[in-house]
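Visitor: Using the sequences and the accompanying hints, generate a full structural model.
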Amino acid sequence: MRHLPRFPPVFALLACLTVSGCGDAGQQGLTPSSRHLLIVLDGLRPDYVTPQIMPALYALGQRGVVMARHHAVYPTVTRVNASSISTGAYPETHGLMGNSVFFPVVDPGTFLNTSDRANLLRVETAGSPLLTATTLGEVLETVGHRLLVVSSGSSGSSYLLNHTVAGGAILHYEYGTPDSLHREALARFGPVPEAATPNHARNRWIVDAFLELALPEIAPAVTVLWLSDPDTTAHQHGIGHSVTTEALFRLDAEIQRIQDGLDAAGLLDTTNIWITSDHGFSEHTGSVDLTALLAPFAGPLDDGTPRIAAGAGAIYVRDDDRATIAEIVDALQEAEEVGAVFTEAVSPGASEGWVPGTLSFDLARWEHDRSAQILYSPNWTNDVGSYGFLGTSAQGGVAGHGSSSPFDIGNTLVAVGPDLKERTRIESPTGNVDFAPTFLHLLGVEAPPSMQGRVMREVLRDDETRVPVSVETTEVTVESEDGAYRLTAVVSAADGRTYLDYTTVERR
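Numbering (the numbering used here), first residue to last: 244 to 751.
Among the clues, some could well be false.
[Stated by the list, open to error] In silico SDA-like pairs for lysine to any residue, Cα to Cα no more than 20 angstroms straight-line: (1) 664 - 305; (2) 664 - 700; (3) 664 - 705.
I should point out that these hints are in silico values taken from the structure, not numbers from a laboratory.
Guide: Here it is, written out as structure tokens:
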């Protein structure tokens, strides 16, 4: 593992620790001509949005814009995409490499689960920057605007959305920054409901806290409102299960209630509402036995710590022995449950990895000083799952995400608002990295160089520059030395940016 980040974060001038903000600009609060509300419905597949299951969200898209080719960032997991929403960048820049991450300076033998904010604080306490890219919240603070995060998701994902709490606030059901905001929410709305599937009561509690407390108190230019379903429910019950469908129907009611609440506050006509997901979802069919696969290569290093550390699709060979790396890749390529395999680029910027038959970290946007030596995706199929939805993935549990399949990468984006087109369906590719630069553009703020996403100009109602959006699709194919494993990546491009659509594997 390479410990020193290549992209040091540009921290904002001041970190606000009180609701009142910092300095005169923060206290007065600059009022933008329009505000942005990004609602993240965790794990929302695009094909969930139908008039029967989610009528309010479907109607919102019919009034506004439906982005038909929106992309999650790979690896298609929650905290990677929360970090990409926060920074407008890929893991190669922001440095949060998976839902579980390996920081030997914190723990040389175990991956840290980033769903727990306490583990993220351990990283910061150890002296490592949590994210190695400038965040949206930090940029907004420099011009007197605020970012509000309100979340019923994990404490880790909420923290990653504004971890320096630059000029704004975080309100999570477990904590608040400032803490006074959380205390006031408990006093006004009562104890936080217990987690359940569907997680309706907790989602409703956080929406109440957003509409009646955090929104008027913070007056944000940008809000990220994160609701934990359908992810929480679908992981347990599956895609298309009646309980998951109930979760979607209840979420849809919250979408309508949010619109009604903004209308009552006189903010609906000046708010751009963007509804997205952090990733898609697939039915699971059973995972590779990674412990058995790695057993021949395991053992301690001279200092007694493990030679191999693996988790969340990443495999660290800590002595960086290239022969061992190649042998592990060969074993992965032979395992039917394994799909795409990625290694360091054979040369800077190349699409091929240095091990035959692998794609490069550069293509996956995953090359960072924190990268493992190997990254792999579960294999996937177009098969119909138990409840009629397409898409399976070779992982454990009932259903989930994380692969480079089109069902996990392809996620939802519908939007409506004063700055956006009406009654429009757009086929050009977009991604979760594009939110931050688009919001800053509409607020008249320059995005920092670390933001790799683009301004989604084709969505905007009155963008005078009208940059043409060219759509290209490229296939990159690599083979193992014996030709038995053939790996292809499909990549789309728009306005000078590329998006990984999916990968496929053929074995003979």
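Visitor: Determine for every hint whether it applies to the structure shown.
Guide: Hint check:
| no. | hint | in the structure |
| --- | --- | --- |
| 1 | 664 - 305 | 11 angstroms, holds |
| 2 | 664 - 700 | 10 angstroms, holds |
| 3 | 664 - 705 | 8 angstroms, holds |
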